[in-house]
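Protein chains: 2
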Amino acid sequence: MTVRDTPSHMPNRYELYYWPGIQGRGEFVRLALEDAAAPYVDVARLPASKGGGVEKLLAVMKSAPSPAPFAPPFLKSGTLIVGQTANILAYLGPRIGLVPKAEAKRVLAHALALTIADLVAEVHDTHHPISLNQYYEDQKREARKRAEAFVADRIPKFLGYFNRELERSTGSYMLGRAVSYVDLSLFQIVDGLDYAFPRAMKRNARKIRALRALHDRVADRPNIAAYLASPRRIPFNEQGIFRRYPELDE
Amino acid sequence: MTVRDTPSHMPNRYELYYWPGIQGRGEFVRLALEDAAAPYVDVARLPASKGGGVEKLLAVMKSAPSPAPFAPPFLKSGTLIVGQTANILAYLGPRIGLVPKAEAKRVLAHALALTIADLVAEVHDTHHPISLNQYYEDQKREARKRAEAFVADRIPKFLGYFNRELERSTGSYMLGRAVSYVDLSLFQIVDGLDYAFPRAMKRNARKIRALRALHDRVADRPNIAAYLASPRRIPFNEQGIFRRYPELDE
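Protein chains in written order, with the numbering used here: chain X, 1 to 250; chain Y, 1 to 250.
Calculated directly from the structure, the hints in this document are not laboratory data.
Glycine included, every Cβ here is placed at the ideal spot set by N, Cα and C.
Errors might be hidden in some of the hints.
Stated by the list, open to error - Quick look at which bits of chain Y chain X covers, simulated, 3 or more residues with Cβ under 8 angstroms:
1. 58-69
2. 72-85
3. 112-123
4. 127-136
5. 145-151
6. 163-174
Unchecked claim - Straight-line alpha carbon distances no greater than 20 angstroms define the calculated SDA-like cross-link-like pairs of lysine to any residue that follow:
7. Y:K145 x X:E122
8. X:K157 x Y:K62
9. X:K145 x Y:R13
10. X:K157 x Y:L132
11. X:K202 x X:F158
12. Y:K56 x Y:R13
13. Y:K105 x X:L80
14. Y:K140 x Y:Y245
15. X:K101 x X:R177
16. X:K145 x Y:A149
What the hints assert, rightly or not - Partial list, computed: chain X residues near chain Y (C-beta under 7 angstroms):
17. K76
18. L80
19. A149
Go ahead and model the full structure; you've got the sequences and the hints to work with.
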């Protein structure tokens with residue numbers, strides 16, 4: 001059920017490699033592949049008996065030609081192994097019709113994707129401000145301080161920026177009249193922040209109306225709506241990027 | 001002296017916009033432009049009387065067509081305004097001969113640049129683990145904890161990765177026999193970590209020999225050597241990304 005019903009000999013079937021069990025950074029890629037109805041396999045979510053699992057992910061990463069990806073997610077497209085979320089989206093965008101073909105537009109889309117990636121890293125740091133290798137429980141005190149600053153300064157700054165640029169757009173999407181992977185990623189940002197920081201998002205509601213409207217418009221896209229209702233959409237949980245720790249949402 | 005001696009009517013004179021007074025993220029762009037001897041102006045470092053200064057930077061950012069960049073550095077190339085360091089390098093790379101033209105190589109180079117960007121953000125967080133809007137002095141206690149984890153886990157992980165991929169390369173540069181902007185950025189990473197974490201770097205010396213050799217090879221490139229000896233190279237200082245706070249380098 002994590003595999004689309006496409007023949008396996010299809011040459012351009014993409015292979016996505018990401019940790020199973022969380023949306024995480026892989027979700028930005030999933031949303032693009034799903035919206036475009038692109039043929040793909042979410043490899044690590046397949047059982048090992050079908051050539052999947054974390055073992056497979058690690059094996060592919062280890063045997064990748066140099067330079068190998070630093071970490072999941074990575075995408076296998078033919079023999080090319082593409083690392084880094086925003087890089088994957090920049091690679092896929094023109095191939096699956098989710099970014100204009102003109103270079104200038106692609107460059108602007110990518111700048112937005114990298115700003116989204118910066119925000120995602122900051123969201124992660126709200127629950128892991130000291131070390132990735134320690135449990136949340138062991139850095140809870142610092143997490144409260146970091147989250148307080150994130151809610152006070154960073155949510156308004158990032159979402160204010162995205163909202164303003166949306167308002168300035170010549171169409172109802174970030175790059176104009178056509179949807180792009182940037183809009184899908186912004187849907188995920190709003191969805192994730194709604195989950196992790198519901199109170200902060202409510203407080204910012206009036207300032208992010210354009211962004212909220214974009215979120216809703218993306219959620220209504222047929223392929224996205226079908227995806228969100230399917231078991232392929234992993235629910236938010238406390239192992240991913242967006243975690244609901246009420247003590248961090250003051 | 002921050003302006004190269006090129007006629008101002010030259011159509012492809014790049015304009016770099018970044019905070020004056022620090023190397024910061026702008027330095028990765030400067031190194032590429034300098035190595036390629038590309039015509040550019042470091043706008044915010046010009047005096048206001050010559051159309052420069054921070055005021056100019058802010059004015060250009062504010063009046064940029066949508067989507068405008070989120071933050072400096074950004075590069076103006078004709079009418080296009082390119083935000084995000086790694087995006088700027090990906091844009092410049094093929095134009096100034098600092099990345100192979102083949103798409104697969106460009107994609108792999110960019111994945112490395114984004115991994116470098118992730119490392120840079122983590123370096124910054126060693127002195128600002130709680131908030132960008134607070135002084136280092138007000139988050140020193142948390143900075144010590146974050147830096148301890150960074151030195152113990154992240155320096156070995158990131159530099160170990162870059163060193164391993166260099167060893168696996170088919171040439172003496174990251175992407176093979178030709179230098180690319182990735183190599184210049186890795187020079188800056190090693191140079192910056194030497195400044196900020198000299199003890200940690202010494203302790204890791206045996207594990208990063210290929211990376212050290214690359215650093216030295218880049219430093220010896222004629223245009224880079226000339227740049228490093230010039231007043232255009234801002235010295236490291238405690239306002240940038242790489243800061244020498246001995247208490248963080250245990």
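- Double-check A149 (chain X) for me: the hint is only fine if its C-beta lies closer than 7 angstroms to a C-beta in chain Y. A149 (chain X) check passes; min Cβ-Cβ to chain Y is 4 angstroms, inside 7 angstroms.
- Task: Quickly compare the C-alpha distance for K202 (chain X) and F158 (chain X) to 20 angstroms and report which way the hint goes.
- Result: Answer holds: K202 (chain X) to F158 (chain X) is near 16 angstroms, not above 20 angstroms.
- Message: Against the 20 angstroms threshold, does the CA-CA distance of K145 (chain X) and R13 (chain Y) hold or violate the hint?
- Response: Given that 20 angstroms is the threshold and the Cα spacing comes to 44 angstroms, the pair is violated.
- Query: Quick check: the region 163-174 of chain Y, covered by chain X? Criterion 3+ residues, Cβ under 8 angstroms.
  - Reply: It holds: at least three residues are needed, and the region 163-174 of chain Y offers 5 whose Cβ sits within less than 8 angstroms of chain X.
- Query: Per the CB criterion, is K76 (chain X) less than 7 angstroms away from chain Y?
  - Reply: violated (12 angstroms)
- Closer than 7 angstroms between Cβ atoms is the bar; does L80 (chain X) clear it against chain Y? Give me holds or violated. holds (5 angstroms)
- Task: Apply the coverage criterion to the region 72-85 of chain Y and chain X: a residue qualifies when its Cβ sits closer than 8 angstroms to a Cβ of the chain, and three qualifying residues are needed.
- Result: holds (count 4)
- Claimed coverage, the region 127-136 of chain Y by chain X - three or more beta carbons nearer than 8 angstroms: holds (count 6)
- Message: Need the status of pair K157 (chain X), L132 (chain Y): alpha-carbon distance at most 20 angstroms?
- Response: holds (12 angstroms)
- Under a C-beta cut-off of less than 8 angstroms, do 3 or more residues of the region 58-69 of chain Y approach chain X closely enough to confirm the stated coverage? holds (count 4)
- Task: Please work out if K140 (chain Y) and Y245 (chain Y) have their alpha carbons no farther apart than 20 angstroms.
- Result: holds (10 angstroms)
- Message: Check the hint pairing K145 (chain X) with A149 (chain Y) against an upper bound of 20 angstroms on the C-alpha distance.
- Response: The given pair, whose Cα atoms are some 18 angstroms apart, holds under the 20 angstroms limit.
Going through the hint list in order, the structure does not satisfy hints 9 and 17.
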